[in-house]
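Undergrad: Taken in sequence, the protein lines are chains A and B. The C-terminal residue of the first sequence carries number 301 in my numbering, and the numbering is unbroken. The C-terminal residue of the second sequence carries number 306 in my numbering, and the numbering is unbroken.
It is worth saying that the hints were derived from the structure and are not from the lab. Just so it is clear, the structure is predicted and the values come from calculations on it, not from any experiment. There's no promise every hint is true.
Taking beta-carbon pairs under 10 angstroms as the criterion, some of the chain B residues facing chain A (in silico) [claimed, not checked]:
#1 T35
#2 Q70
#3 G94
#4 L97
#5 K98
#6 R101
#7 G105
#8 V107
#9 F108
#10 P111
#11 M131
#12 G167
#13 G176
#14 Q253
#15 Y255
Pairs of lysine-lysine residues, derived as PhoX-like cross-links and limited to a Cα-Cα distance of at most 25 angstroms, are as follows [unchecked claim]:
#16 B:K77 x B:K140
#17 B:K129 x B:K210
#18 A:K234 x B:K129
#19 B:K25 x A:K215
#20 B:K229 x B:K276
#21 B:K181 x A:K212
#22 B:K129 x A:K212
#23 A:K215 x B:K77
#24 B:K98 x A:K212
#25 B:K103 x A:K215
#26 B:K157 x B:K181
#27 B:K43 x A:K215
#28 B:K181 x B:K214
#29 A:K212 x B:K77
#30 B:K103 x B:K50
#31 B:K25 x A:K107
#32 B:K212 x B:K157
#33 B:K140 x B:K210
#34 B:K98 x A:K215
#35 A:K104 x B:K77
#36 B:K298 x A:K212
#37 B:K214 x B:K129
#38 B:K212 x B:K143
#39 A:K215 x B:K129
#40 B:K229 x B:K298
Glycine included, C-beta positions come from ideal geometry on N, C-alpha and C.
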Amino acid sequence: MREITIGQYIPGDSIVHRLDPRTKIIITLAYMILLFMLNNFYGYIFPVGFIILATLLSGISVRYLLKGLKPLIFIIILTFLLNSFMTKGRVIYQLGPLDITYEGLSQGAFMAIRLILLIIGTSLLTLTTSPISLTDGIEVLLSPFKKIGMPAHELAMMMTIALRFIPTLLEETDKIMKAQMARGADFESGNLINRAKNLVPLLVPLFISAFRRADDLAMAMEARCYHGGENRTRMKELKMTFLDIATFIVFILIAGGGIASRFV
Amino acid sequence: MSIDVKNVTHVYMPNTPFESIAIKDINWTVKDGEFWGLIGHTGSGKSTLIQHLNGLLKPTSGEILINDINIHSKGVSLKSIRQKVGLVFQYPEHQLFEETIERDVAFGPKNMGLAEEEVAKRVKEALDLVGLSYEEVKDKSPFELSGGQMRRVAIAGVLAMKPEILILDEPTAGLDPRGRDEILEEIVTLKQKQKLTVILVSHSMEDVAKLVDKLAVMYRGQIVSQGTPREIFQDYEGLVEKGLGIPQITELMIKLKERGKNISTDILTVDEARAEITKHIRRKGLA
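When you get a sec, could you build the whole thing from the sequences and use the hints?
TA: Next comes the structure, spelled out in structure tokens:
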């Protein structure tokens, strides 16, 4: 349970850590769009190169980054298989009623690569950006939409709180799970229906404690006179530096290369 | 039942940047029928250690022997270990989930696969043991009870499995003085009635001084000293250095001695202190 690495922040002082969160968010978004724009395998050299460069600069161990893929391997394989079987085209191999096609395989491989790059890219963002600066960045990026009624501050605050409580809730889950296991509960064996039933002793206490925590938090915030984003100043103002501009230029070059590869 | 902890080390999240050694090379023997206290500062590894005793955590290295059998060897069912080694977590009332108290207490015995009559019998016994009236509370929701009562229900939930070793992780945390005394008293009676081996994790030096036969002190993931409370509490400075203390009454006696009074500091309770001080005054009066 505790070993989930997605969304975890590893403090550090690398170039990637020091980038403005807005830069990182915008580039991650653009990177995601780029991944889905590429239409041939050569094009993926660009995002792969970009990710390798960013990982090296961030000082995060490659093994740790790849470990983040582990819980999602099932989804990646499923996507690959579904695409391989469901796409019509030149049949390579027949497996009972299912046809594996050339187009399917290449489509499946595409999707798998995209997913893997997507996960690595986004985890790199959260691994190098503290949740607070991440939501600060989102808040600033969303603030232009305030004029059309988008509650940017409230959204950011909600995200901060949600992120803040992920580890707490995981810890709580771990604790309750162990307490019930000490009473002979079994969360690991049995068929799907039984397993779902076995989760009741875990979920009920978990929800109760989550509500209690929410209540306490609301009270604590009110006690410190929190009343939304109006006129709220911040301790750390976000600032773009030369480093951010350089990063944008590098990314634009790479993305340009990727887009150009579409026409090869 | 006896527990042998041999060279046990546990590392959380190994091979990640968050790797941390929770306990290091622990050696500890709990013999049948003993009443142990386990004290240590927050984060000293107490909770990690006790979760090894019923196989909830697997040691990174070292072994846990229960009745001389390694609990992680092949063919040992962890479920039966967990039945024999009952573990009551901190704030156990946070684990309650059933609609009625009867069903919640029955959760453990049911998981053991006992027949319904046996389960019902055990639920009744367990609730009796913690001083709750079965007839009165069985159909109530656990959430209607006060904090102290909820905690009893949770403890009953573990007792209903009839463990031979009972481990309690700070059973009195967050209770008022009366609730605290009641729970501790019940633990003592339980121990005598059921001939249990008990391990009590506590922050309160007064509680352990009053109750336990033996005491283990944990500091930064290691057991740094073990012995009777009298032996342990003689090392006032060492304990303070480890973020712990000694019972107030023992501290008082040590302070008196520092001021030149010729009295023994081997005192754990107020009654003992009164006797010792009276003796001292009489002696002085005669001189």
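Undergrad: Against the structure shown, which of the earlier numbered hints fail to hold, in ascending order?
TA: 3, 12, 14, 15, 16, 31, 36
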